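Respectively, the protein sequence lines represent chains E and W. The numbering of the first sequence is this note's numbering, which starts it at 5 and goes up by one. The numbering of the second sequence is this note's numbering, which starts it at 22 and goes up by one.
Calculated from the structure, these hints are not laboratory results. Note that the coordinates shown come from a computational prediction; the quantities given were computed from them, not determined experimentally. It is possible that part of the hints are untrue.
With beta-carbon atoms standing in for the labels, derived distance ranges [to be verified]:
1) V76(W) x D185(E): 53 to 61 angstroms
2) P144(W) x I78(E): 54 to 62 angstroms
3) V68(W) x V124(E): 53 to 61 angstroms
4) G184(E) x W134(W): 37 to 45 angstroms
5) L145(W) x N48(E): 53 to 61 angstroms
6) N99(W) x L188(E): 22 to 30 angstroms
If you want a taste of the chain E side facing chain W, the calculated C-beta under 8 angstroms gives, among others [to be verified]:
7) F12
8) Q80
9) Y84
10) D185
11) L188
All C-beta atoms in this analysis are idealised placements derived from N, C-alpha and C, irrespective of residue type, glycine included.
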Amino acid sequence: MDFFVSTFPMYLAGAGITLLLTVAGSALAFVLAMAVGILGTLRNPVARGIATFYTEVFRGVAALVVMFWLAFAIPQITPYQLDINFAAILALGLNVGAYGAEVVRASINAVPRAQTEATVALNMSWARRTWRVILPQAWAQMLPTFGNLVIELMKASAIVSLVGVADLTQIANQQRAATGDTVLAFTSALVMYFVIAQVLVLGVRLLERRANRRLGRTPAGGGLLALLRPPAATTRAKVTAL
Amino acid sequence: MWDTEFAIGIIPQLLEGLVVTVQATVLGYAVALVLGLAVALIRRVRVVGPLVFAVFEFIRSTPLLVQLFFVFYLAPANLTPLTIGVAVLGVHYAAYTAEVYRSGIEGVAKGQWEACRALSLPPLRVWGAVVLPQAIRKVIPALGNYLIAMFKDTPLLFAITVHEMMFVADTIGSETFRSMEAYTLVGLLFLLVSVPSAIVIRRLERRYAAV
Chain E
5 MDFFVSTFPM
15 YLAGAGITLL
25 LTVAGSALAF
35 VLAMAVGILG
45 TLRNPVARGI
55 ATFYTEVFRG
65 VAALVVMFWL
75 AFAIPQITPY
85 QLDINFAAIL
95 ALGLNVGAYG
105 AEVVRASINA
115 VPRAQTEATV
125 ALNMSWARRT
135 WRVILPQAWA
145 QMLPTFGNLV
155 IELMKASAIV
165 SLVGVADLTQ
175 IANQQRAATG
185 DTVLAFTSAL
195 VMYFVIAQVL
205 VLGVRLLERR
215 ANRRLGRTPA
225 GGGLLALLRP
235 PAATTRAKVT
245 AL
Chain W
22 MWDTEFAIGI
32 IPQLLEGLVV
42 TVQATVLGYA
52 VALVLGLAVA
62 LIRRVRVVGP
72 LVFAVFEFIR
82 STPLLVQLFF
92 VFYLAPANLT
102 PLTIGVAVLG
112 VHYAAYTAEV
122 YRSGIEGVAK
132 GQWEACRALS
142 LPPLRVWGAV
152 VLPQAIRKVI
162 PALGNYLIAM
172 FKDTPLLFAI
182 TVHEMMFVAD
192 TIGSETFRSM
202 EAYTLVGLLF
212 LLVSVPSAIV
222 IRRLERRYAA
232 V
């Protein structure tokens, strides 16, 4: 009990760093995923080429390797030293963004062709068509997978402890060294990671409900409690399709 | 600056690391395939099933790196880091493959079960000769994706001193103060393995999706 009382503030601070990395990394990943995903749906071969190159490279190389490269290799050939937190966010965002881009591309392509044809018949511009018709429908479809990706990013953020960021994993390592109690030190961290994951799941499911309601699709099941139920099998699988 | 001669010089060392990386991946994947199937089957049992599910749900929601540290510090001293790494990778990914198997089993048509019952086949043959062959065939591409995902997670083993590619690159970096070449080559070697395997998986998808 003493362990929890004395170390809880430290773990909380570590969890704060983990959350910060998750939010910042997700924001970067989201922007990249949207931009590159939309590029991938264009007819222009150059745009598609850029999108394919980005996704293949960053899905093919582990985030840890990218992070070490940014943090340790870049300062050697350039006069710039990236801030270690920034390098971590960049590596996580680039990695997860590549997975997200594929999700965005697939979701946009999955919107029925008749929708596009209708907008053409109504003489809508490309921007208007994408923003008002295609994206809202694709959005509802990409959200469940985005939720999984955010959790994967949160879990992957543990690698930043290897370059010296004081995240939850780093705190657990320090506590183990300080108290010698491996089980307690790491179990506390694991439980906090688990709680963060559950909160993230809840948030994404709220967003999903909103997106579906906006499209006039009534979500199944009742109040807030329904959100805590495990989701359908199709939304659970980790996105790794390369 | 980039030094090509130095880069060529360290390739043999990195390839040795790649061998360990591949070893860890293949062994860990074998654990994940067998354990995942076992978990998927046990989940159907009453009482024990939900309990096992909860445990693996927890494993799936927490970082692999922390699990590696946890087991590494607790394991008896006579276990090699590679053994620990393989075990943790295998159990972590079993949480994912179990879900894949489950979706495959649920995808087997109801008529197949009914036919088994009509022929009063013993449970062993129902599973061994009817359900699993159909279920597993359908999920082969999904399982393949996890092989690639696992391959890309092996650099984490470097944290528990397994001498895989990332560990070799890190050692070269700290000995020669030249990490640019080492880390870049590690990235390229990863691409060299994961891009062709992704193409193979896509072929598998085309072949088995039609079933």
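Verification of the hints:
Distance hint check for V76(W) and D185(E): the Cβ-Cβ separation is about 22 angstroms, which falls outside the suggested range of 53 to 61 angstroms. For P144(W) paired with I78(E), a C-beta distance near 59 angstroms keeps the hint of 54 to 62 angstroms intact. Look at V68(W) against V124(E): about 58 angstroms separates their beta carbons, and that is inside 53 to 61 angstroms. Taking the beta carbon of each, G184(E) and W134(W) are about 54 angstroms apart, not inside 37 to 45 angstroms as hinted.
Distance hint for L145(W) and N48(E): a CB-CB separation of about 57 angstroms, consistent with the stated range 53 to 61 angstroms. Remark: the range hint 22 to 30 angstroms for N99(W) to L188(E) is upheld by a beta-carbon distance near 24 angstroms. The beta carbon of F12(E) is not positioned within 8 angstroms of any beta carbon in chain W (closest approach about 18 angstroms), and the interface hint is therefore violated. Interface restraint check: Q80(E) against chain W, minimum CB-CB distance 5 angstroms, threshold 8 angstroms, status holds.
The criterion of a C-beta within 8 angstroms of any C-beta in chain W is not met by Y84(E), whose closest approach is roughly 13 angstroms, and the hint is violated. The closest approach between the C-beta of D185(E) and any C-beta of chain W is roughly 10 angstroms, which is over the 8 angstroms cut-off, so the hint fails. With a cut of 8 angstroms, the hint placing L188(E) at the interface with chain W is violated, because the nearest CB-to-CB distance is about 11 angstroms.
The structure fails to meet hints 1, 4, 7, 9, 10, 11 from the earlier list, while all remaining hints are met.
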